[in-house]
Amino acid sequence: MQMTYLEAIRKGIQEEMERDPDVFLLGEDIGIYGGAFKVTAGMLEQFGEKRVIDTPISESAIVGAAIGASLMGLRPVAEMQFADFITCGFDQIVNFAAKCRYRWGAAVPMVIRAPSGGGIHGGPFHSQNPEAWFVHTPGLKVVAPSSASDAKGLIKSAIRDNDPVLYFEHKALYRRVKEDVPEGDFTVPIGKAAVVREGRDLSIITYGAMVHVAREAAETLEKEGVSIEIVDLRTLAHLDEDTVLASVRKTSKVLLLHEDTLTGGIGGELAGRISEKVFEYLDGPIVRVTAPDTPVPYSPPLEEAFLPNAAKVAERARWLARY
Amino acid sequence: MSAPAIIRSHKGVDQNRELALEFLRYMATMRAVEDRIERKLYRQGKILGGVYVGRGQEAIPVGVGLTAEADDVFCPSHRDMALFLIRGIHPRQIFAQYMGRVGGLTRGKDGNMHMGDMNRRIISIISAMAASVPVAAGAALALKYKGTRNIAYCFFGDGATSRGDWHEGLNLAAVLKLPVVYVCNNNQYAYSTPLAKQMACANVVDRAPGYGIPAEMVDGNDVFAVHKAARRAAEHARGGKGPYLIECKTFRMTGHSAHDAAEYVPAGLREEWAAKDPIARLEKKMVEKDWVAQDEIDHMHDEIRQELEAAVEWAEKSPYPDASELLDNVYESA
Numbered sequence: 001m002q003m004t005y006l007e008a009i010r011k012g013i014q015e016e017m018e019r020d021p022d023v024f025l026l027g028e029d030i031g032i033y034g035g036a037f038k039v040t041a042g043m044l045e046q047f048g049e050k051r052v053i054d055t056p057i058s059e060s061a062i063v064g065a066a067i068g069a070s071l072m073g074l075r076p077v078a079e080m081q082f083a084d085f086i087t088c089g090f091d092q093i094v095n096f097a098a099k100c101r102y103r104w105g106a107a108v109p110m111v112i113r114a115p116s117g118g119g120i121h122g123g124p125f126h127s128q129n130p131e132a133w134f135v136h137t138p139g140l141k142v143v144a145p146s147s148a149s150d151a152k153g154l155i156k157s158a159i160r161d162n163d164p165v166l167y168f169e170h171k172a173l174y175r176r177v178k179e180d181v182p183e184g185d186f187t188v189p190i191g192k193a194a195v196v197r198e199g200r201d202l203s204i205i206t207y208g209a210m211v212h213v214a215r216e217a218a219e220t221l222e223k224e225g226v227s228i229e230i231v232d233l234r235t236l237a238h239l240d241e242d243t244v245l246a247s248v249r250k251t252s253k254v255l256l257l258h259e260d261t262l263t264g265g266i267g268g269e270l271a272g273r274i275s276e277k278v279f280e281y282l283d284g285p286i287v288r289v290t291a292p293d294t295p296v297p298y299s300p301p302l303e304e305a306f307l308p309n310a311a312k313v314a315e316r317a318r319w320l321a322r323y
Numbered sequence: 324m325s326a327p328a329i330i331r332s333h334k335g336v337d338q339n340r341e342l343a344l345e346f347l348r349y350m351a352t353m354r355a356v357e358d359r360i361e362r363k364l365y366r367q368g369k370i371l372g373g374v375y376v377g378r379g380q381e382a383i384p385v386g387v388g389l390t391a392e393a394d395d396v397f398c399p400s401h402r403d404m405a406l407f408l409i410r411g412i413h414p415r416q417i418f419a420q421y422m423g424r425v426g427g428l429t430r431g432k433d434g435n436m437h438m439g440d441m442n443r444r445i446i447s448i449i450s451a452m453a454a455s456v457p458v459a460a461g462a463a464l465a466l467k468y469k470g471t472r473n474i475a476y477c478f479f480g481d482g483a484t485s486r487g488d489w490h491e492g493l494n495l496a497a498v499l500k501l502p503v504v505y506v507c508n509n510n511q512y513a514y515s516t517p518l519a520k521q522m523a524c525a526n527v528v529d530r531a532p533g534y535g536i537p538a539e540m541v542d543g544n545d546v547f548a549v550h551k552a553a554r555r556a557a558e559h560a561r562g563g564k565g566p567y568l569i570e571c572k573t574f575r576m577t578g579h580s581a582h583d584a585a586e587y588v589p590a591g592l593r594e595e596w597a598a599k600d601p602i603a604r605l606e607k608k609m610v611e612k613d614w615v616a617q618d619e620i621d622h623m624h625d626e627i628r629q630e631l632e633a634a635v636e637w638a639e640k641s642p643y644p645d646a647s648e649l650l651d652n653v654y655e656s657a
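From first to last, the protein sequence lines stand for chains W and U.
First residue of the first sequence: 1, per my numbering; consecutive thereafter.
First residue of the second sequence: 324, per my numbering; consecutive thereafter.
Keep in mind the hints are simulated off the structure, nothing from the lab.
Please read all numbers here as calculations on a predicted model, not as lab measurements.
There's no promise every hint is true.
Lysine-lysine pairs mimicking PhoX-like chemistry, simulated, CA-CA at most 25 Å apart [claimed, not checked]:
1. W:Lys50 x U:Lys467
2. U:Lys551 x W:Lys50
3. U:Lys564 x W:Lys156
4. W:Lys50 x U:Lys469
5. U:Lys608 x U:Lys564
6. W:Lys11 x W:Lys50
7. U:Lys500 x U:Lys599
8. U:Lys607 x U:Lys551
9. W:Lys156 x W:Lys38
10. W:Lys250 x W:Lys223
11. W:Lys250 x W:Lys312
12. U:Lys607 x W:Lys50
13. U:Lys612 x U:Lys551
14. W:Lys38 x W:Lys11
15. W:Lys156 x W:Lys192
Make the full structure from the sequences, and use the hints.
The structure is reproduced here in structure tokens:
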């Protein structure tokens, strides 16, 4: 069935709520208003106030309450209105939720949805990609779908997972991505990357909105005779190292691409693992294309310069292919 | 632990007498366990790291904890050991926990009062104060969601009431009318910081009207008074009327942690509070009311001491975790 990325998230949540009465939603403006982006539109009408809870503007309390409820066996799906505000719940996420199982064996089966990413002229506080902070925290799982199918399959897996899962949904994809999504009980496993484009000469490892940028760059280079493989990580914490390393072994050249800023980003972690484990296979330096180390700027020319795009990726990929 | 014989030897004719014996058993056990930890095992170098005890505050977890039903949820602070005893955690597990042994509740993954057990509905504290306040609201939300009559009890100190989580959690619980009893053990010091530097209002309860929550202040060293207040609070929460705040005025009869001599406490203040010791007060009342003879009380203390000897021995025999456990349980499965 054809649906947008946003509709796919909604559908996934809806199906899980129909399947399991312990699944409930909480967050700011998610009920009557249907969410700032309308992801939860219609949920209040379908499931009622008990299961779709509008909360005060209190990210820490939203996360804390989700933890408490999940310790008791419920499966809360908490919404951060923008991923940028997740910092207000940081302690609850990294110190409470992430460490319960390790410290005292208690499961925290909750999901935090975080609309992230730029390209919507949102400025410094409505555009960030804060995933790396959480990828660095043992005990959390972090996913970031790029397609409508993965959006649905991963939200369903996240809700069923017995560990805390952060679900970064890219705002720029909400209505831009529309495709056939499998119906019914279809899930995408957490911890599994996907080779979304087969190629011979160079691997681009990426996730989220940048998968689409990578595709565009790959098509440009295809015309120049360079064959590019694209690995969509899908899961960022608890990541699928095998698929990444297999692709690097195959092409011997690797470009790491993310919309998040450079320093301390996931690209650095991947570069470390690739260099440790498949160094002998490399025929060129590991290249990173990311946003620069600045806040996300507002004005269009600045934001455009900030975000990685197909032209920037193609340029670096061309250079690497010739290396 | 099993009840000392002194309790079993009497049949309940006077409810207050029975209650007093129950209070005393838990308060005295908590004091004895913590004395052993702070004044012996820590000094012997058998416990490393932080040791936080609730000496002088025993009436609070006991008075409140004994109002709970078995399926109610506890979120203890780090000075509420009696809540664990009330839920059937054996002192030997607590000693093992402090010593980093596998017999402890966290198998050495965490130390001291950083422990919990969802099978007994005890949610572990974390070090960032007040983090449990919204978590308790969430646990209460689950109890309400499931249609039970159970409630959550959340404990914290005066210092915790300065943190954002405290305010966010109380507000959320109030807005959603969640069944939580919030219990402040106001011991007047947060580490070295006295109350006057913690907040500009005189009492923690003064903060409650801002959230539309009923609150009451109670003598935290009078276990009967604490118990009565907690019963009112529990009845309110169980009745679907939302959260309730109790402020128990007490004093921290020790440093923040075992390493802290608390020289910042003005001369005389601790002595003043020593005279209000909750255990001594309870015992005096029990003897005055002729509920029990002094030698019977002494006998109870002896029994507890003996039981703890065996508990320490058990804990010391409990092995340290093997280093191979380091990577276990970060996630449900590897």
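Next on the checklist: Tell me if the straight-line CA distance from lysine 156 of chain W to lysine 192 of chain W falls inside 25 Å.
Outcome noted: With Cα atoms ~14 Å apart, lysine 156 of chain W and lysine 192 of chain W stay inside 25 Å; holds.
Item to check | lysine 38 of chain W paired with lysine 11 of chain W [C-alpha distance capped at 25 Å] | outcome: Distance of about 12 Å is within 25 Å: holds.
Item to check | Satisfaction of hint between lysine 50 of chain W and lysine 11 of chain W, Cα-Cα up to 25 Å | outcome: Distance of about 19 Å is within 25 Å: holds.
Next on the checklist: Against the 25 Å threshold, does the CA-CA distance of lysine 551 of chain U and lysine 50 of chain W hold or violate the hint?
Outcome noted: Violated. Lysine 551 of chain U to lysine 50 of chain W sits at ~32 Å, over the 25 Å cutoff.
Checklist entry - lysine 50 of chain W and lysine 467 of chain U: Cα distance at most 25 Å? => result Distance of about 10 Å is within 25 Å: holds.
Checklist entry - Are lysine 250 of chain W and lysine 223 of chain W close enough, with their CA atoms no more than 25 Å apart? => result holds (21 Å)
Checklist entry - Taken at face value, is the distance from the CA of lysine 50 of chain W to the CA of lysine 607 of chain U at most 25 Å? => result Not satisfied, since the Cα-Cα distance of roughly 50 Å exceeds 25 Å.
Checklist entry - Under the criterion that the straight-line Cα-Cα distance not exceed 25 Å, is the pair lysine 612 of chain U, lysine 551 of chain U satisfied? => result holds (19 Å)
Next on the checklist: For a C-alpha distance cap of 25 Å, please report whether lysine 608 of chain U and lysine 564 of chain U respect it.
Outcome noted: violated (35 Å)
Next on the checklist: For lysine 564 of chain U and lysine 156 of chain W, compute the direct alpha-carbon distance and say whether it is at most 25 Å.
Outcome noted: Distance of about 35 Å is beyond 25 Å: violated.
Checklist entry - Does lysine 156 of chain W pair with lysine 38 of chain W here, judged by a C-alpha cut-off of 25 Å? => result holds (18 Å)
Checklist entry - Would the pair lysine 500 of chain U and lysine 599 of chain U pass a check requiring their Cα atoms to be no farther apart than 25 Å? => result violated (36 Å)
Against the hints set out earlier in the document, violations occur for numbers 2, 3, 5, 7 and 12.
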